[in-house]
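Number of protein chains: 2
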Amino acid sequence: MTEITQICTTVLSRIKPNEAEKSRLKALAESIIARINALGEAEGLNIKGELVGSSARGTWISGEHDLDIFIMFQPDVERKELEEKGLYIAKKIARDSQSFEERYAEHPYIHAIFDGFEVDLVPAFKVESASEIKSAVDRTPFHNIYVASIIRGLEDEVLVLKQFLKGIGVYGSELKTQGFSGYLVELLIINYGSFVKILEAACEWKSGITIDIEKHGTLVHKDAMVVVDPTDPARNVAAALSLDNMCIFIDRACEFLKNPDEAYFSMKILEPLDDSNFIKILKGRRTSLLAIEFTAPDVVEDVLFPQLYKVRESIHEMFERYDFHVYNKSVWAQKAAVILFELESSKLPHVKRHAGPQVWSKEHALAFKSKYIGSDTFSNVFIRDGRFMVEIPRKYDGAKKLVESEILNCALGKHLALSIKKEFHVLEDEEILNIKDNEFRKFLRIFFEK
Amino acid sequence: MTEITQICTTVLSRIKPNEAEKSRLKALAESIIARINALGEAEGLNIKGELVGSSARGTWISGEHDLDIFIMFQPDVERKELEEKGLYIAKKIARDSQSFEERYAEHPYIHAIFDGFEVDLVPAFKVESASEIKSAVDRTPFHNIYVASIIRGLEDEVLVLKQFLKGIGVYGSELKTQGFSGYLVELLIINYGSFVKILEAACEWKSGITIDIEKHGTLVHKDAMVVVDPTDPARNVAAALSLDNMCIFIDRACEFLKNPDEAYFSMKILEPLDDSNFIKILKGRRTSLLAIEFTAPDVVEDVLFPQLYKVRESIHEMFERYDFHVYNKSVWAQKAAVILFELESSKLPHVKRHAGPQVWSKEHALAFKSKYIGSDTFSNVFIRDGRFMVEIPRKYDGAKKLVESEILNCALGKHLALSIKKEFHVLEDEEILNIKDNEFRKFLRIFFEK
Numbered sequence: 026m027t028e029i030t031q032i033c034t035t036v037l038s039r040i041k042p043n044e045a046e047k048s049r050l051k052a053l054a055e056s057i058i059a060r061i062n063a064l065g066e067a068e069g070l071n072i073k074g075e076l077v078g079s080s081a082r083g084t085w086i087s088g089e090h091d092l093d094i095f096i097m098f099q100p101d102v103e104r105k106e107l108e109e110k111g112l113y114i115a116k117k118i119a120r121d122s123q124s125f126e127e128r129y130a131e132h133p134y135i136h137a138i139f140d141g142f143e144v145d146l147v148p149a150f151k152v153e154s155a156s157e158i159k160s161a162v163d164r165t166p167f168h169n170i171y172v173a174s175i176i177r178g179l180e181d182e183v184l185v186l187k188q189f190l191k192g193i194g195v196y197g198s199e200l201k202t203q204g205f206s207g208y209l210v211e212l213l214i215i216n217y218g219s220f221v222k223i224l225e226a227a228c229e230w231k232s233g234i235t236i237d238i239e240k241h242g243t244l245v246h247k248d249a250m251v252v253v254d255p256t257d258p259a260r261n262v263a264a265a266l267s268l269d270n271m272c273i274f275i276d277r278a279c280e281f282l283k284n285p286d287e288a289y290f291s292m293k294i295l296e297p298l299d300d301s302n303f304i305k306i307l308k309g310r311r312t313s314l315l316a317i318e319f320t321a322p323d324v325v326e327d328v329l330f331p332q333l334y335k336v337r338e339s340i341h342e343m344f345e346r347y348d349f350h351v352y353n354k355s356v357w358a359q360k361a362a363v364i365l366f367e368l369e370s371s372k373l374p375h376v377k378r379h380a381g382p383q384v385w386s387k388e389h390a391l392a393f394k395s396k397y398i399g400s401d402t403f404s405n406v407f408i409r410d411g412r413f414m415v416e417i418p419r420k421y422d423g424a425k426k427l428v429e430s431e432i433l434n435c436a437l438g439k440h441l442a443l444s445i446k447k448e449f450h451v452l453e454d455e456e457i458l459n460i461k462d463n464e465f466r467k468f469l470r471i472f473f474e475k
Numbered sequence: 026m027t028e029i030t031q032i033c034t035t036v037l038s039r040i041k042p043n044e045a046e047k048s049r050l051k052a053l054a055e056s057i058i059a060r061i062n063a064l065g066e067a068e069g070l071n072i073k074g075e076l077v078g079s080s081a082r083g084t085w086i087s088g089e090h091d092l093d094i095f096i097m098f099q100p101d102v103e104r105k106e107l108e109e110k111g112l113y114i115a116k117k118i119a120r121d122s123q124s125f126e127e128r129y130a131e132h133p134y135i136h137a138i139f140d141g142f143e144v145d146l147v148p149a150f151k152v153e154s155a156s157e158i159k160s161a162v163d164r165t166p167f168h169n170i171y172v173a174s175i176i177r178g179l180e181d182e183v184l185v186l187k188q189f190l191k192g193i194g195v196y197g198s199e200l201k202t203q204g205f206s207g208y209l210v211e212l213l214i215i216n217y218g219s220f221v222k223i224l225e226a227a228c229e230w231k232s233g234i235t236i237d238i239e240k241h242g243t244l245v246h247k248d249a250m251v252v253v254d255p256t257d258p259a260r261n262v263a264a265a266l267s268l269d270n271m272c273i274f275i276d277r278a279c280e281f282l283k284n285p286d287e288a289y290f291s292m293k294i295l296e297p298l299d300d301s302n303f304i305k306i307l308k309g310r311r312t313s314l315l316a317i318e319f320t321a322p323d324v325v326e327d328v329l330f331p332q333l334y335k336v337r338e339s340i341h342e343m344f345e346r347y348d349f350h351v352y353n354k355s356v357w358a359q360k361a362a363v364i365l366f367e368l369e370s371s372k373l374p375h376v377k378r379h380a381g382p383q384v385w386s387k388e389h390a391l392a393f394k395s396k397y398i399g400s401d402t403f404s405n406v407f408i409r410d411g412r413f414m415v416e417i418p419r420k421y422d423g424a425k426k427l428v429e430s431e432i433l434n435c436a437l438g439k440h441l442a443l444s445i446k447k448e449f450h451v452l453e454d455e456e457i458l459n460i461k462d463n464e465f466r467k468f469l470r471i472f473f474e475k
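Protein chains in written order, with the numbering used here: chain A, 26 to 475; chain B, 26 to 475.
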């Protein structure tokens, strides 16, 4: 037995659901599906419960108690009716759960806790083929059918790869993580045949790597990785995977093959960064930290994080436009949301060189000169490299003031705009220690250590 | 009489040499030339004295007591002999002067003071045509012949234009000034016909403007302005003119035509910047100033300034390479030389992001990672935009230390390298006030006010 096989066996013994767990999940799924079908009959609705996702395919990791149960409607049903009736049925079922809440993706669904399992009850259309889907979730049953028929015997390989991706922090296709989805993992195993073969292949991957199992791809994608969906030739299953997460996988794959170690399969436990270490780090780096803190709007992470990323970029651009040099940036959110920037300095000189038109540009030249001659400037209007120039007072020589004054002019996204307009705080350097939250302090550690 | 004509008349009355001055100059020139010719005969040398330059053409400004007297040798004379004999004759003549010194351009010559006039005694070859010159100075007599034959009646226009250029600070083709040479002024007058017509034309100039009076240019030049030498089709008389000095002329020409004012014909009298104003400016701008001070090597300005400009650029590049942001730069030299930089800040964070190879670049990736893993860094090796990165301590987080440690690795030029190697000082902010020199303090004023 090679060292890698040994490690995989050990990992598997830890993550593979045992028979008791399997039975519990099976029993729960079956009872909920039976309830859906019975309710459908009672209400005169042509619907059917269906278990999809990793729990349906035997590729879920022990303790990962997520059940995706779809409430399938006929495709001729109006969308409005599907949403109303679907939610009605789902809520009726959820009444028997420990707790539940309504969530919203492309349309509303119910997230409930049954017996310690997290169950998503999702209304969907039962279309004839993946090319006829009316909503993104309608695709899932086709993934289920495709994978279920081929994955038999390879379930353990899927589990090991998933755990490896979890361990290195790139598992999950949510817009927060931008990592590998479960379906993508399954397709990779189907394509390459085993966990080790994927690692060997990844070690040769470059940005733009394309995998097309059914050889039926119809579109050119510009993503870091392209895996054509076997159930939909126009779709890239890896579209949500970021370049950097792909690169992390490439890097760790090569490393692991060279020096196999069980540690790759466990996420590092992070110590929250305490006040004194934060201050020590700050003094060592001698940069300026700026945190923009506000209440996270009450939306799902897949809505929240794209907006946070967008604001982060928009503020970054604003910093550069106002001559502040950005070293690092990141976002964090739980109840509060924080956008964090590390700047070369949060202070700039008060003087700023302002470039005007070319000397021979006639009216522009005249306008520029007449605007600045005799006004409150640091220098006369002068000529450099054929252009008029003048040195003027900088509008914002402090980054904090800039953000406080101009953040509402940044691209904020709908929900964040509302929240930030209500209230936000800009914290500088040690003021950031006012955020005591342990998870935030872990995030701070990653921010510095990477 | 228009306002402009009125101003020109007033200016002219101030700058045009009177009959007494003309006679004195004529008498001095004739006596020196006679001396050269007599000495030639006495020494058995086939040489002839010749007055060239503005004094020969009646285009010199009153009080501008410069006489260029050439000692013309036959072209078959060896260069070495011309240098030795030429210098011997020049020195013999200079013995009657108040003081004299040997200077060196393309070959050595004597600079002497006779009766308050500055006289350059320059050995040159009397070649048949400008295309046969053996040394750059040999061209001058041809310029003399060309201009003298056409300029008659336009001398006053030349004087007024020269004075205008002096007033706005762009007269003189020395490598320090990079402005308009006297010969260039004469050619412009010959081409356009009058001072006012040149101003009108300049108001339409753009970079690359080309004037070819004899329509015989043979080369394409990339200079800001091209004036083909009527005595040499391959030469650009305006080669030494910088883009910015041309632009200053364009700008002031337009301004003057719109609002004629005698003030354009006088250089502004600058007050030296005193300590308290320097400190006030520094506090207002909130930038960092860095002066590199050393002894100016004992060479003519045409050798010194190109080297100073070169060092300035080389240090500028070094600053940017080490992440210091340069706002302004300039050089000054008399006995001491100073290269002055204004930086956004003379301090940088101690941390620096160091970018490595792309993740899939195999050996490069390996080498980078093994170099930084476990070494003294601020962060782990991480991945950003498909590349490995690491945050490391910055080698120089202070600009002063950087210059002190690395200036000898900059491109210094022969003479400056010797001087700087011997001794240099880097002065920061208020330390610059240790340089008390009045001329330097005037330079400081220009540095800030522009």
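Incorrect hints may appear among the rest.
Just so you know, same-sequence chains aren't split out, so a pair can sit in one copy or run between any two.
[As the list claims (entries may be wrong)] Calculated cross-link-like contacts (lysine-lysine; reagent style BS3-like; alpha-carbon spacing at most 27 Å): (1) Lys420 <-> Lys372; (2) Lys354 <-> Lys377; (3) Lys425 <-> Lys47; (4) Lys293 <-> Lys51; (5) Lys461 <-> Lys283; (6) Lys191 <-> Lys426.
Please keep in mind that the hints were generated in silico from the structure rather than gathered at the bench. These figures come from a predicted structure and were not determined experimentally.
Cross-check of the supplied hints:
1. Proximity of lysine 420 to lysine 372 under the C-alpha cut-off of 27 Å is found in both arrangements, the shortest distances being 12 Å within a copy and 22 Å between copies.
2. Taking identical chains as interchangeable, the C-alpha atoms of lysine 354 and lysine 377 lie at most 27 Å apart whether they share a chain (25 Å) or sit on different chains (15 Å).
3. In this assembly of identical chains, lysine 425 and lysine 47 lie within 27 Å of each other by CA distance neither inside one copy nor across copies; the values are 54 Å within and 69 Å between.
4. In this assembly of identical chains, the alpha carbons of lysine 293 and lysine 51 never lie at most 27 Å apart, being 32 Å within a copy and 94 Å across copies at closest.
5. Taking the closest pair of Cα atoms, lysine 461 and lysine 283 never come within 27 Å of each other, the shortest separation being 40 Å inside a single copy and 66 Å across copies.
6. Proximity of lysine 191 and lysine 426 under a CA criterion of 27 Å is satisfied in neither setting, with 40 Å inside one chain copy and 46 Å between copies.
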